[in-house]
Amino acid sequence: MAVKQMQYIIIGASAAGMAAAEAIRRLDSEGSVTVLSDEQDMPYFRPMLPFIVSGKKKFPEMMLIGQGPYRGANIDVRINSRVEAVNTADQKVSIKSGEELPYDKLLIATGSVPNIPSDIAGVEAEGVFVLRTIADACAMAHRAETARHAVMLGGGLLNLKAAFALLERGMDVTLIVKSPEVLSKLMEPDDTVLIRNALNKAGLKLVTGSSVTRILSDSSGVIGVLLDSGREIPCQMVCIGKGIRANVEFLDKSGILVNQGVVVDKFTRSNIQNVFAAGDVAVTLDPIAGERIVTGLWTNAAEMGSCAGRNMAGQPGIYSGTFGILNAAQVADEPFVSMGIVHTKGTAYEIHITATPETYRKLVFTPDGTRLVGALFIGDISKAGLYRYIIREMMPIKDIKSEIVNHRLHYGHFLR
Amino acid sequence: MSQPKEIFVRLDRCVGCHTCKIACSVEHSRSKNLFQAISEQPAPKNRVYVEWAPPDRKVPILCRHCEDAPCMHACISGAISRTEEGVVITNSDKCIGCWTCVMVCPYGVIGRHMETRKAYRCDRCPDLQVPACVDACPTQALVYRTVAAFSGDVRQDAAREMISGKGS
Ligand SMILES: Cc1cc2nc3c(=O)[nH]c(=O)nc-3n(C[C@H](O)[C@H](O)[C@H](O)COP(=O)(O)OP(=O)(O)OC[C@H]3O[C@@H](n4cnc5c(N)ncnc54)[C@H](O)[C@@H]3O)c2cc1C
Chain G
791 MAVKQMQYII IGASAAGMAA AEAIRRLDSE GSVTVLSDEQ DMPYFRPMLP
841 FIVSGKKKFP EMMLIGQGPY RGANIDVRIN SRVEAVNTAD QKVSIKSGEE
891 LPYDKLLIAT GSVPNIPSDI AGVEAEGVFV LRTIADACAM AHRAETARHA
941 VMLGGGLLNL KAAFALLERG MDVTLIVKSP EVLSKLMEPD DTVLIRNALN
991 KAGLKLVTGS SVTRILSDSS GVIGVLLDSG REIPCQMVCI GKGIRANVEF
1041 LDKSGILVNQ GVVVDKFTRS NIQNVFAAGD VAVTLDPIAG ERIVTGLWTN
1091 AAEMGSCAGR NMAGQPGIYS GTFGILNAAQ VADEPFVSMG IVHTKGTAYE
1141 IHITATPETY RKLVFTPDGT RLVGALFIGD ISKAGLYRYI IREMMPIKDI
1191 KSEIVNHRLH YGHFLR
Chain A
3 MSQPKEIFVR LDRCVGCHTC KIACSVEHSR SKNLFQAISE QPAPKNRVYV
53 EWAPPDRKVP ILCRHCEDAP CMHACISGAI SRTEEGVVIT NSDKCIGCWT
103 CVMVCPYGVI GRHMETRKAY RCDRCPDLQV PACVDACPTQ ALVYRTVAAF
153 SGDVRQDAAR EMISGKGS
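Those sequence lines, one after another, are chains G and A. This note's numbering applies: residue 791 is where the first sequence begins, and numbers increase by one. This note's numbering applies: residue 3 is where the second sequence begins, and numbers increase by one.
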């Protein structure tokens, strides 16, 4: 029996979009898979952008197709193809060139864009950057060739990574955060001692509890920033890292339900038939906090994208969501992992903290102490995956609680 | 082509002698010789671990090369891929030491070279016919077989859980 060839259209050629394309291909070798991207370059590993800024890697080293699980076989990736609108009634998308493409199944995987706070004046000046695309990274690297001093606005992980990339180039870097400490989304101020020391040692200058009200510039571009305290810091470039928001504007008239991001059910389906969403653009469930969240995580995008792909290709599967916090990184020489619920100030969670001069471990249990809901490891992150597994599976921990608290846990404890 | 082989664990046979760990370290040393390996810097790292679990079980643990490997999908630099033989490998040149794989591995078997900031794990000894740990195991708690051959052998075994390699 002849089956109609499916036409799959995916908007966005990054973690979620490309993972979906691979998943579709594994299940449906006949259908056409077209991935549309508004970028000028073929897909790449976005989290590697700091290496372009630092000059440590070149673009070809971070390309996605052919690496890891991304084989790219028989997947049509079209760059320079911005989708302007989605017509869900006729099941068509229109791209920049004016062309219209029909779909049987559509995935929205358009990710997110950096937030630019409206209360900072002068952001149009030359030398003001956000770091999101390869084009941004190249522009930053170019400016960094002549700039001596960079000011970073925002103390999140992405901005810290960008700051380190510039430090590695030998620049002076000052980071300005509103919060009392850096990484406030991933840990509480009291948790940051080791990180803070590592930043100091690496030569990053930190200004906390402050924000920039104006970026100062002349014909050469940025020449400084003005803080709310009235203090001026001279610099030749500024990088804004003030969070992200879902890339959904082009869906305005589509009827697709958006609330912070594209709202999907547990099968990654939107409110409109045959339209799915995954990655930074989609609203995900955090099973631990029990909240609907928009993450900014590659891991979530890849996993949710695969799940969406399988659903689109007719193999229903549930996306069980991800923790809002699920970060592993190394800042300077300090590795850390933060996952699940780690903000505990003013809550009834049961907390176990072990601090040594080199390591910091915080484990967060439910108030009755029966379930692990979060973990923060700094310095020693070994076997972190076991803890993630316990949190995610909501495992009963009675027999292994002391192993969890004392960092003696190993896979053998999971065997009955 | 013949079916690829895997390393299986027979928990009931492990006596906790740690011979596998030493053999693994030596095979992953520069000299591949125990006496020289001991003094190498950085110290060669084993990728098989032997843990103790109550009541009194010795548990060899190593990368299961999961079917839908969470580490491979989570890797933010494309450093982890699967070979045709089914071995999940980390390409050191591509690894950027972000430790995302460590965070998602449900077996806790991905190690870190601190000096070079690279992740490492069992590579099933690509230069050997039989992986060093299996070859060294005096009680045959570690065996190197195809899935079909192994499941034929195993009747009921707690190790079954470890071999399913589904990840999470
Ligand atoms: C510097 C940096 C470091 C990071 N480090 C980490 C990390 O260590 N760990 C981690 O988990 N995450 C990290 N992230 C976050 C991670 O990169 C994102 O969560 C991930 O890329 C999201 O994938 P996505 O596929 O949902 O969307 P995106 O990667 O945002 O891709 C969406 C794509 O869609 C395109 N697009 C948008 N609108 C349209 C349209 N209308 N038509 C066509 N194309 C369109 C966009 O241009 C983009 O190419 C980092 C991000 C950055 C910027």
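Hints were generated in silico from the structure; no laboratory data involved. Watch out, some of these pointers could steer you wrong.
What the hints assert, rightly or not - Derived CB-CB ranges, DEER-like:
| no. | chain 1 | residue 1 | chain 2 | residue 2 | range |
| --- | --- | --- | --- | --- | --- |
| 1 | G | Ser1192 | A | Asn35 | 56 to 66 Å |
| 2 | A | Cys19 | G | Val983 | 17 to 27 Å |
| 3 | G | Val983 | A | Gln5 | 45 to 55 Å |
| 4 | A | Gln5 | G | Asp880 | 43 to 53 Å |
| 5 | A | Asp70 | G | Ala1145 | 47 to 57 Å |
| 6 | G | Ala1145 | A | Asn93 | 47 to 57 Å |
| 7 | A | Arg15 | G | Asp980 | 46 to 56 Å |
| 8 | G | Asn1049 | A | Arg32 | 54 to 64 Å |
Since this is a predicted model, take the numbers as computed values, not measurements. Idealized CB from N, CA, C, for every residue including glycine.
Hint by hint, here is what the structure shows:
The hinted window of 56 to 66 Å between G/Ser1192 and A/Asn35 is violated, with their beta carbons roughly 41 Å apart. About 41 Å separates the C-beta atoms of A/Cys19 and G/Val983, a value inconsistent with the hinted range of 17 to 27 Å. The hinted window of 45 to 55 Å between G/Val983 and A/Gln5 holds, with their beta carbons roughly 52 Å apart. Checked against the hint of 43 to 53 Å, the pair A/Gln5 and G/Asp880 passes, with Cβ atoms roughly 49 Å apart.
For A/Asp70 and G/Ala1145, the hinted distance range of 47 to 57 Å is not satisfied, since their beta carbons lie about 37 Å from each other. Checked against the given bound of 47 to 57 Å, the beta carbons of G/Ala1145 and A/Asn93, roughly 35 Å apart, lie outside it. At about 48 Å, the CB distance of A/Arg15 to G/Asp980 agrees with the hint of 46 to 56 Å. The beta-carbon spacing between G/Asn1049 and A/Arg32, approximately 57 Å, falls within the hinted interval of 54 to 64 Å.
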